[in-house]
Each structure stands twice: as structure tokens, then as C-alpha cells.
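K.L.:
Each residue of the sequence shown is one higher than the one before, starting from 73 at the first, in my numbering.
Treat the hints with care, as some may be off.
Claimed, not checked - Taking lysine to aspartate or glutamate and the DMTMM-like style, the derived pairs with C-alpha atoms no more than 20 Å apart in a straight line are:
#: 1; residue 1: Lys77; residue 2: Glu204
#: 2; residue 1: Lys228; residue 2: Glu209
#: 3; residue 1: Lys158; residue 2: Asp207
#: 4; residue 1: Lys194; residue 2: Asp226
#: 5; residue 1: Lys350; residue 2: Glu209
#: 6; residue 1: Lys77; residue 2: Asp113
#: 7; residue 1: Lys228; residue 2: Glu190
#: 8; residue 1: Lys346; residue 2: Glu115
#: 9; residue 1: Lys350; residue 2: Asp178
#: 10; residue 1: Lys125; residue 2: Asp145
#: 11; residue 1: Lys159; residue 2: Asp207
#: 12; residue 1: Lys159; residue 2: Glu115
#: 13; residue 1: Lys125; residue 2: Asp156
#: 14; residue 1: Lys158; residue 2: Asp113
#: 15; residue 1: Lys77; residue 2: Asp237
#: 16; residue 1: Lys228; residue 2: Asp260
#: 17; residue 1: Lys125; residue 2: Asp75
#: 18; residue 1: Lys125; residue 2: Asp96
#: 19; residue 1: Lys158; residue 2: Glu209
#: 20; residue 1: Lys158; residue 2: Glu115
#: 21; residue 1: Lys350; residue 2: Asp294
#: 22; residue 1: Lys346; residue 2: Glu105
#: 23; residue 1: Lys350; residue 2: Asp151
#: 24; residue 1: Lys158; residue 2: Asp126
#: 25; residue 1: Lys350; residue 2: Glu261
#: 26; residue 1: Lys194; residue 2: Asp156
#: 27; residue 1: Lys194; residue 2: Glu169
#: 28; residue 1: Lys350; residue 2: Glu115
#: 29; residue 1: Lys346; residue 2: Asp315
#: 30; residue 1: Lys350; residue 2: Asp237
#: 31; residue 1: Lys350; residue 2: Asp81
#: 32; residue 1: Lys77; residue 2: Glu336
#: 33; residue 1: Lys346; residue 2: Asp300
#: 34; residue 1: Lys125; residue 2: Glu105
#: 35; residue 1: Lys159; residue 2: Asp113
What the hints contain is simulated information worked out from the structure, not anything from laboratory work.
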Amino acid sequence: MTDAKLIFDCGNQHGEGIFWNAVDGLVWWTDIEGRALWSFDSETSQGQSYPMKDRVCCFAPRQSGGLIVAFADRVSFLDLSTGDEKKICDFEPENPETRTNDGRIDRQGRFVVGGMNEVSGKSNSSVIRIAENLDVETLLEGVSCANSTCFAADGKTMFFADTPDREILAFDYGAELSGRRVLASFSDEPGLPDGSCVDADGGVWNAEWEGRRVVRVNPQGDIDTVIDLPVWKPTCCAFGGPDLDTLYITTSRLMSDEATLAREPQSGGLFAVKPGFKGLQDTPFCG
């Protein structure tokens with residue numbers, strides 16, 4: 073076991089969707105309920121927030137500059153410097169209970185984003201994929217809370233969790249998803265599977281929501297590394313830094329009462345640890 077340390081006390085309401093951008097050398101993430109994007113410079117230990125008019129659930133850099141952003145109800149291109157937005161598509165406009173949630177760029181440069189039903193918890197959301205030409209296709213249906221989306225180094229396996237099912241799944245990833253199988257069960261874990269990333273050795277790192285920890289699931293499906301946190305609700309993790317050897321972890325204050333926050337004042341902060349593994353550089357969106 074290893075402990076992660078607080079490196080930036082940003083007090084997010086619900087930090088999520090973290091990634092490392094090698095172009096600017098910054099860690100980026102979103103505070104969904106705080107309606108802000110954040111960046112952190114590990115060299116200077118300085119962070120910066122960018123207020124958003126709507127909730128941003130996940131986002132990623134574009135190869136051509138700017139960002140692709142999954143707002144709660146739509147996916148758009150966004151120029152953060154000007155605020156200019158170009159909508160690509162609405163997300164499940166026929167269902168007022170759902171919103172986007174977890175997402176990541178695949179190894180081919182396409183944006184994969186899944187939704188959640190934040191009202192009733194019904195399994196009636198989906199996972200979509202947006203290609204360079206902005207075609208939108210549905211990869212999965214019947215989803216309650218999409219999480220853990222990440223991709224093996226060769227791009228041929230997608231990892232995914234529908235959080236209430238307490239499992240991380242693996243799919244053969246190509247034109248469609250096939251070969252559904254359970255990589256790891258979290259039925260005996262203290263928390264639920266939330267955001268994930270992969271390392272260079274094929275391990276899947278998962279932030280356990282309400283579990284106070286991040287765990288590594290090895291390719292055989294066993295948990296072989298545990299990172300403890302002093303807060304209740306880790307949400308997402310990503311490798312970053314020039315050598316991709318630092319694991320950055322976002323956390324949440326969501327649904328925490330005053331007594332809990334008094335015991336865990338670092339909730340909502342950004343944490344980091346060097347766990348002895350290296351990550352893989354994410355691919356920018358191809359458009």
C-alpha cells in the first residue's frame with residue numbers, strides 16, 4: 073500500500089475527467105458541479121480555473137488546437153481562450169434524466185463518451201463515439217452510469233464500467249464492441265469503480281468511489297497495487313509528468329455533509345503519487 077498526497081487544495085465540488093496534456097505540460101480536469109475546468113502545473117505547483125457556463129463532464133485536447141468537450145447535454149468544440157463553441161451533437165435530448173459522464177479519446181483519436189441517469193438511476197443511457205468527420209455512432213445502450221473508459225496500448229481493447237454493476241469490463245474494440253468479458257469484480261471492494269486509466273504494462277488503474285483508494289488491476293484481473301487516500305470519494309486518475317510516472321487523482325465533495333468535510337477537509341483536492349509504474353500518453357482528438 074502507498075499513500076497519495078494532496079498537491080493542490082482546489083476544493084472541487086466534483087473533480088473528474090483528469091488527463092495529462094504533453095503539449096502544454098499541464099494536468100487538466102473538470103469540476104462538474106462547480107462548472108469549471110482546471111489546470112495544474114507541477115513545476116510551479118500553480119493551478120488555474122476556467123469558469124464554464126454549463127457543466128463539463130469530460131473533455132480532451134484536439135490535434136488541431138482547442139478542446140472537444142462533453143457538456144452535460146451536448147458535445148462541442150471549445151476554444152478556451154475565446155469561449156467560442158461549435159456544437160457537434162446533442163446527447164440524448166429525448167431523455168431529460170440523462171447527461172454525459174465519463175469519456176476518453178481512443179488510440180485512433182476518436183472521442184468515446186458515456187452517459188448516466190442522474191435522476192432515477194435507470195439503465196437507459198448510452199455510450200457514443202465521435203469520429204474525425206464528426207459522425208456519431210452508438211457503441212453501447214442500457215447504461216446506468218458510464219465510467220472507467222480507457223484503452224489498451226494497441227487500441228484493440230476498451231475497458232469500461234457501468235458503476236452500479238461493480239465490475240470493470242473488457243471489450244474487443246474495433247468497428248463495434250464485441251467479446252464482452254469481466255476483467256475484475258468489485259463486489260468485495262470497499263468502493264465502486266469510477267474513472268480509470270491504463271499503464272504501460274497493461275494494468276488498469278481505477279479510482280474507487282466511496283472507497284478511499286485507487287487500485288491497479290493487472291492483466292489477469294487481480295488487484296496488485298493499492299493507493300490509499302485520506303478522503304472518501306476518489307473519482308478519476310491519470311498518469312502524467314514528463315516521464316508519465318506520476319499518478320494524478322481527482323476527488324469529490326459531492327453529497328458530503330459538514331461533519332464529513334470537517335473530518336476530511338482535503339476532499340475535492342488534487343492528489344498525486346509515484347506508484348512505480350509509467351502510463352501511456354493519451355491521443356488527442358483527431359479533428
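K.L.:
Check each numbered hint from earlier against the structure, then list the numbers of those it violates in ascending order.
P.N.:
1, 4, 5, 7, 12, 14, 15, 16, 17, 18, 20, 22, 23, 25, 26, 30, 31 and 35
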